[in-house]
Every structure is written in C-alpha cells, then in structure tokens.
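Asks: So the sequence lines, in the order shown, correspond to chains A and B. Quick note: the first sequence uses this note's numbering, first residue 1, plus one each step. Quick note: the second sequence uses this note's numbering, first residue 267, plus one each step.
It should be emphasised that the hints constitute simulated quantities derived from the structure, not laboratory data. Please note that a few of the clues may not be correct.
[Stated by the list, open to error] Computed footprint of chain B on chain A; a stretch qualifies when at least three of its residues, placed anywhere within it, have a C-beta under 8 angstroms from a C-beta of chain B:
1) 153-165
2) 214-222
[Said to hold, decoys possible] Pairwise CB distance ranges (calculated):
3) Asp237/A x Phe525/B: 47 to 53 angstroms
4) Gly80/A x Gly290/B: 31 to 37 angstroms
5) Tyr278/B x Lys180/A: 34 to 40 angstroms
6) Phe284/B x Glu206/A: 32 to 38 angstroms
7) Gly542/B x Glu109/A: 49 to 55 angstroms
Cβ coordinates follow ideal geometry from the N, Cα and C atoms, glycine included.
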Amino acid sequence: MGLDRRRFLKIAGLTTLFGLGGKAAIQILAPGEVNAAVEALPLTEGKRWAMVIDTNKMDEKLMNACIEACHHEHNVPDLGNPKEEIKWIWKEDYHHSFPGQQHNYISEEVKHRNFLLMCNHCSNPPCCRVCPTKSTWQREDGVVMMDPHRCIGCRFCMAACPFGARSFNWGDPRKASKEKNPDFPTNQAYPTRSKGVVEKCNFCAERLAKGELPVCVERANKTKKNAMIFGDLSDPDSDVRAVLHKHYTIRRKPELGSEPNLFFIV
Amino acid sequence: MLEAALKGKQGYWGWLLFLLTLMGIAFGCYLYQYSEGLKITGMSRDVSWGFYIAQFTYLVGVAAGGVMVVLPYYLHDYKAFGRITILGEFLAIAAVLMCLLFIFVDLGNPVRIMNVIMYPSPKSILFWDMIVLNVYLLLNIFIGWNVLSAERKGVHYQKWVKILIYISIPWAFSIHTVTAFLYAGLPGRHFWLTAIMAPRFLASAFAAGPALLILLCLIVRKVTNFDPGKEQIRTLGGIVAYAFILNIFFLLLEVFTAFYSAIPGHTHSFVYLFAGLEGHAKLVPWMWTSAGFAVVALILLIVPATRRKEDTLAIGCAAVIISSWIDKGLGLVIGGFTPNPFDRVFEYWPTTPEVLITIGVWATGFFVLTILFKIAVSVKEEVGA
Chain A
1 MGLDRRRFLK IAGLTTLFGL GGKAAIQILA PGEVNAAVEA LPLTEGKRWA MVIDTNKMDE
61 KLMNACIEAC HHEHNVPDLG NPKEEIKWIW KEDYHHSFPG QQHNYISEEV KHRNFLLMCN
121 HCSNPPCCRV CPTKSTWQRE DGVVMMDPHR CIGCRFCMAA CPFGARSFNW GDPRKASKEK
181 NPDFPTNQAY PTRSKGVVEK CNFCAERLAK GELPVCVERA NKTKKNAMIF GDLSDPDSDV
241 RAVLHKHYTI RRKPELGSEP NLFFIV
Chain B
267 MLEAALKGKQ GYWGWLLFLL TLMGIAFGCY LYQYSEGLKI TGMSRDVSWG FYIAQFTYLV
327 GVAAGGVMVV LPYYLHDYKA FGRITILGEF LAIAAVLMCL LFIFVDLGNP VRIMNVIMYP
387 SPKSILFWDM IVLNVYLLLN IFIGWNVLSA ERKGVHYQKW VKILIYISIP WAFSIHTVTA
447 FLYAGLPGRH FWLTAIMAPR FLASAFAAGP ALLILLCLIV RKVTNFDPGK EQIRTLGGIV
507 AYAFILNIFF LLLEVFTAFY SAIPGHTHSF VYLFAGLEGH AKLVPWMWTS AGFAVVALIL
567 LIVPATRRKE DTLAIGCAAV IISSWIDKGL GLVIGGFTPN PFDRVFEYWP TTPEVLITIG
627 VWATGFFVLT ILFKIAVSVK EEVGA
C-alpha cells in the first residue's frame, strides 16, 4: 500500500488519540482493505444467524456427541452438581422444552424424545435489555454475545431469559474436579472463565470469524447429514430458509416476542 | 452533632457491641464467600436470586415507608409529625444502606461494581435502580442532617432544603416503583409479570415502613427522655392499617386473576408457595405463617379499640412486619423462580453462611440506625422537645 511503517504508526497513533481507533487509520490510508479481508470469509457475512434442528434425525448418541464437542471447544467443565451446572447446550424432553404445549395423548415417541437446547440468540433478547453493564449484547449479525471480563455477576440476565439458557459460575470453574475433567482446559485456544460471571452459548462466534460452522452443527452433520442446519435467515437463498420453507417448525415460547432463532423440526 | 453518638449509657454500648459482633461474624463469612464464590449460598442456576435480593426488595419498602411521616408534615402541614420526621428520614438512610449492601454481597464480581457507572446502560432497570436508590440516600442524609442541626441551633432550616424535601417525596415512590420494575418487566416469569407489582410493593412498603417506625418510637420512648408522642403513634397506626389492607387486597387480586383465568403459568407459583408443587413444599409452612400473621394484623389494626391501644397496636405492627417480611423476603423472589423456565421445580433454601451474612447486613443497618437515632434523640432532649 505504499506506506512506510513510521507513517502508519504516526497516523494510527493520532487517530487513536482522537478516539477513532487504529482501524480508522487503515480506513484513511487504505480504504476497503480491512473489510475486503473480512468479507473473504463467507460465514461472516450473515445478517441474522439462525439454526434449525431436525429432531427426527437426532438420536441420544448424536446429541451427546454434540454436547461433548461444544463443551470441549468452550472449556465447559463437568462440575458434578446440578445446582452449579454450566451448560451451553443440553438435552431436555418435549414437555420441559415446550411447557404449555404438552397434552396427555401426545405420541409416545415425541413424548419421550429429547431435544437439543441452547441459547436461542433471540432477535429481541430480554437478557441484553436488562444487563446493567452491557456485558451481554447483540451483534449486528444477531449473535447474542457475552463478555465475561465485564460481567459483574448480578444475574439479572438469568432472571430475564425465559429459556434458562444462561449459567452462572457459582464457583471457580478452573478448580473443577480433576477426576471428572482430567484435561481441563480442553481447548487452549479458547479462554476459561473465572468465578462470578454468567456464560452461555455464543453460536461459536470464534468459529464464525474463521468461516467455520458452529461446532455442534459440524459434529451433527458428520454423523447425519442435515441433522442441524445453520445459516443466514435474512438470505432468501440460504439453507436455513430452504429448510424452514419446506418443513413445519416450532420455536420455544414464541408468544413472549423475543423471536428465538432456534427452530425445531418435529 | 456526631459527638452525641459517643456519649451513652451501658445499654447503648452493649447494644452496639452486640451488633458489631454480628457484623464481624458476617464479615468473616463474606470473606469465605468472596474467595469461594456464591456457591456457598443456596442459590442455583434455577433459583438464581435468593435471600440477599429478597432482603434488598423488602428494605427498599422500609426506606420508601419513611415518606409516610414526611408527606403529611410537609404537604398537608400535619404539625404533629414534625416531631418524628427526622426518625422517618434516618430510618430511610439505614434501610437504603442495607439495600446497597445486599446488592453488593449478591454480586458475583463485587470489585467490578463501578462498571455500572463506567458503562451506563439506560435500558437496564438495574441502572435506574442504582440511580434512584443512591439519590434517595443522599437526599435523606442532606435533609435529615440540615433540619436536625437547624433545630438544634433553634433556627429555621435554610430555604433550599425545602426544595430537596419536595423532591424527596415523589422520589420515595420512585425507589419502590423502579424496584418493582426490576421484576415486572421480565418475560417468562409469570409470577412477576403483573402491572400491579408496583402498587403492591408501595402498599406493603407503606405498611411495613411505618409499622417498624411505630415499634422504634415505642422503644425510643422507653429508653430515652424523648417521647415521640401519642398522637403521632396513633396516626401512624391508621396509616399502617390502610396500607396493609390495600396490600392484602392487591394480593387477593393477583390470586383472582391467576385462578379464575386458570392459566397454568399464572397459578404455578401460587400453588408452589401455598400448597407445594410436584412434591416440593418447603415454603408452604412459611407462607401460611405469613397469612396467619396477616389475619392477626388485620384484626388488631381494623378494630378501633386495639388499634388505639399502644400494646395491641405494637403486636399488630409486629404481625405486619413478620407477615410482609415472609411475603417479600421469601415468597416473592423464590416464588418467581419456581417453577423454572422448563416448568421444573428446584427448591432453594439459604445456607448458614448466607444467613449469617444476611444477619450481618441487618446488623450494619441497625448499627447505623442506632447511631442516627441516638443523635436525633440527643438533639431533641437538648432542645427540650
């Protein structure tokens, strides 16, 4: 870009001084180059990420594998105590996944079927509304993020989430029992959390940035093609839109208006 | 005026020492909680707020209740309350202080508390609650201190204080309204999702706050040479009676809507609290105790003879405090989280360290309250009120 290091640092420093950040320097000196680099990755283009789970294609073993893959990827330890449990993705039966939908004469198979649940990455997330420190917020592509370094641990978001998708570190996760978690942290590339902060599924934002699918989706599709579909809801040509067009799907508690972006084919 | 707090009889020092001991025990427990995390409490991912936040909610009510002596005196020129407005304001200071402490001990990351100011989030009700509570605390400190020192010097307080007093009256309503909004704006928590939450909070506040004030006035009369006054206590008794009747009325409105509509989500929390759900019934005896004391309170407060007699009024006020404390300090928060969003029941019960920390925060509040009341009463004795 015909620019020496000295001049770059000078302008980057000045723009930072005026609160514009180093990125502004790049915009001034080489407009378009950063964006072009980011846009080269197809999965980072999404405007509204969404997931469809074809529950007909999922079985216990595959669901467990997806949970295992996610918790391995994100350093979620097994604390061995349901009260303190941290879960990014978990199984729940029909009645408890969709309370209010159940009736006594539902097909035996569905009644006993488990559903894979996680954060719904709502389009209108109540958790982000209530957070007093903006530790949880919604990205432009719809992913509901969580910054464990800013969270004060007030747990207002847990009271606000109608889906029980948020977990709190009641103790120090790094002190989780070595017997149950011999190789913790399981992923050196992903940060572990400290005690006293809330955490949850992040739709694998760190993988989306690299152009990869969420790890649960990748794991599910490895065993059964199209068991889980991930894509951009705002793109009429995306896989998720095609699947939603073809199948009848349900969401959890749609009447609350939070607009969940997790769909289930039953 | 502070020097008045340094002179006292044996009983005064003994009481302060007792409170300091409780505070010390609680501080030890808090250090344990600080190092281990909130796992030492009974809270869980299902009931993620517990005893601390419940006490906070109850005490916001006590703080707001102080306005019931301020309002008649300044807006209706009801002169008799001039004698005890300072007690109402000082009670509010101690109560708000406890509120802030309860929020603090409930935080998973207390060292980051300033993030609430560094990253102001006007969409969050907690942000507004922080503002209204702190301003209410400052208003009461300013007003109480200025009016009392003017009284001591035998002069009228300065004019600008009056402006603050007029602001403090609607402000008292705001603290409990905003605290109700913490709960009443959450989707998916049916027990809390009700427009009557704020009025109900205010009604219970205007019952519990003045009820506590009546008991404090009776204690002040017994242990000092200052008599808050018969008429004052009698008028407060009337206020407690009206407010408590309203509180029970609002609660029954909730029960009607839940059970006549028969929408499961709306009834579940009530069923859990008063009958038990899916075999879980830890709170049932407590809630019926609350109901029992409510009946006692209603009888003693409604019958004119028992309301006007100070002994029976005191019992009635104690019944109001016990009943509303169980209702708000246990039922409201735990009931709101049960059943959880999956329609499952996980019960909560506070642990010993959690209870000791809670007692310690109350002790801190009463420590401050004792000192403030000592100062106020000393000034009253000095000027021969």
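Asks: Give a verdict on every hint.
Replies: Here is what the structure says about each hint:
With a cut-off of 8 angstroms between beta carbons, the segment 153-165 of chain A has 11 residues touching chain B; three or more are needed, and the interface restraint holds. Counting residues of the segment 214-222 of chain A whose C-beta sits closer than 8 angstroms to any C-beta of chain B gives 0, which falls short of three, so the coverage hint is violated. Here the CB-CB span from Asp237/A to Phe525/B is close to 51 angstroms, well matched to the stated 47 to 53 angstroms. Range check, Gly80/A to Gly290/B: about 34 angstroms between beta-carbon atoms, so the 31 to 37 angstroms window is met.
The beta-carbon spacing between Tyr278/B and Lys180/A, approximately 55 angstroms, falls outside the hinted interval of 34 to 40 angstroms. Between Phe284/B and Glu206/A, the C-beta spacing of about 54 angstroms breaks the proposed range 32 to 38 angstroms. Between Gly542/B and Glu109/A the CB atoms are about 32 angstroms apart, so this pair departs from the stated range of 49 to 55 angstroms.
Checked against the numbered hints listed earlier, the structure breaks hints 2, 5, 6, 7; every other hint is satisfied.
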